[in-house]
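The primary structure of each chain is shown beneath.
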Amino acid sequence: ETGVTQSPTHLIKTRGQQVTLRCSSQSGHNTVSWYQQALGQGPQFIFQYYREEENGRGNFPPRFSGLQFPNYSSELNVNALELDDSALYLCASSRRQGSGGELFFGEGSRLTVL
Amino acid sequence: AQSVTQPDIHITVSEGASLELRCNYSYGATPYLFWYVQSPGQGLQLLLKYFSGDTLVQGIKGFEAEFKRSQSSFNLRKPSVHWSDAAEYFCAVGATLGGGADGLTFGKGTHLIIQP
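Read top to bottom, the protein sequences are chains A and B.
The opening residue of the first sequence carries number 1 in my numbering; numbering runs sequentially from there.
The opening residue of the second sequence carries number 1 in my numbering; numbering runs sequentially from there.
I should point out that these hints are in silico values taken from the structure, not numbers from a laboratory.
Since this is a predicted model, take the numbers as computed values, not measurements.
Cβ atoms here follow ideal geometry from the backbone N, Cα and C, with glycine treated the same way.
Take these hints with a grain of salt, some might be off.
[To be verified] For each label pair, taking beta carbons as the anchor points, the in silico distance ranges come out as:
#1 A:F69 - B:H10: 33 to 43 Å
#2 A:L11 - B:H10: 40 to 50 Å
#3 A:T9 - B:G53: 23 to 33 Å
#4 A:F69 - B:E64: 32 to 42 Å
#5 A:S65 - B:S14: 39 to 49 Å
#6 A:F69 - B:E20: 38 to 48 Å
#7 B:P79 - A:E52: 44 to 54 Å
#8 B:Q115 - A:P8: 44 to 54 Å
#9 B:E64 - A:T5: 43 to 53 Å
#10 B:A17 - A:E52: 42 to 52 Å
All chains, full assembly: derive it from the sequences and hints.
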């Protein structure tokens, strides 16, 4: 059983650019959540996808968008990058059952915006 | 709105000594409570979780946590720490195991340093 994998592991962008981060869910999982972890902070919920639709969203602007594919993998897209977008972006997958299953996190994609 | 407070930013403990990390939460209903650990450059690993039942829950790596509703606390404990326990520890609260539509709300974390 493979775990949650994220790519790329590190990337550097400049302000105003766009970025796409990718996440492959753990086998058997059908829900993906994305979190942003700024340096020295706890993770903050960005959004969750289930059945290819956004299922909930935290306090993030619309320039943060996502996709979930039929194989349950997911992308996080951030447009018009700002310096404050520099963070570790964590993807977590889970098996949705009743009240929702436990989250399993990937190791993250570290984004630096210059 | 839900929130989590971890009052200690850093804690230093000698190897073999006992450990307690504090967590206080604010939540409107009965919450799911979690403790996660994050080693440098790694993702989050779930140590333990609580929703109902026995208020003392056992987790992996010898950790346990006690839920105290009257104090809105969910403190993490370990009787004897090992050098490999050095990491960042996060307390979190949510509506479901997976956080649901509002996701999990995390505290800012406690950095645990182990002295030889």
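For this session: Using the Cβ atoms, figure out if B:E64 sits within 43 to 53 Å of A:T5.
Result: violated, 31 Å
For this session: Could you tell me whether the CB distance from A:F69 to B:H10 stays inside 33 to 43 Å?
Result: holds, 41 Å
Problem set entry | C-beta pair A:T9, B:G53: status relative to the range 23 to 33 Å that was hinted | violated, 39 Å
Exercise. Between A:S65 and B:S14, does the C-beta distance stay in 39 to 49 Å?
Worked result: Cβ of A:S65 to Cβ of B:S14: about 48 Å, so the range 39 to 49 Å holds.
For this session: Could you say whether the range 40 to 50 Å given as a hint is met by the Cβ separation of A:L11 and B:H10?
Result: Violated, at about 30 Å.
Exercise. Taking 38 to 48 Å as the hint, is the beta-carbon distance of A:F69 and B:E20 inside that range?
Worked result: holds, 44 Å
Exercise. So the hint says 44 to 54 Å: do the beta-carbon atoms of B:Q115 and A:P8 match that?
Worked result: violated, 36 Å
For this session: Mind checking the hinted window 42 to 52 Å against the Cβ distance between B:A17 and A:E52?
Result: The hint (42 to 52 Å, Cβ to Cβ) holds, given that B:A17 and A:E52 are roughly 49 Å apart.
For this session: Look at the Cβ atoms of B:P79 and A:E52 and judge whether their distance stays inside 44 to 54 Å.
Result: holds, 46 Å
For this session: Evaluate the given range 32 to 42 Å for the C-beta pair formed by A:F69 and B:E64.
Result: Holds, since A:F69 and B:E64 (Cβ atoms, about 39 Å apart) stay within the stated range.
Hints 2, 3, 8, 9 from the earlier list are contradicted by this structure; the remaining hints agree with it.
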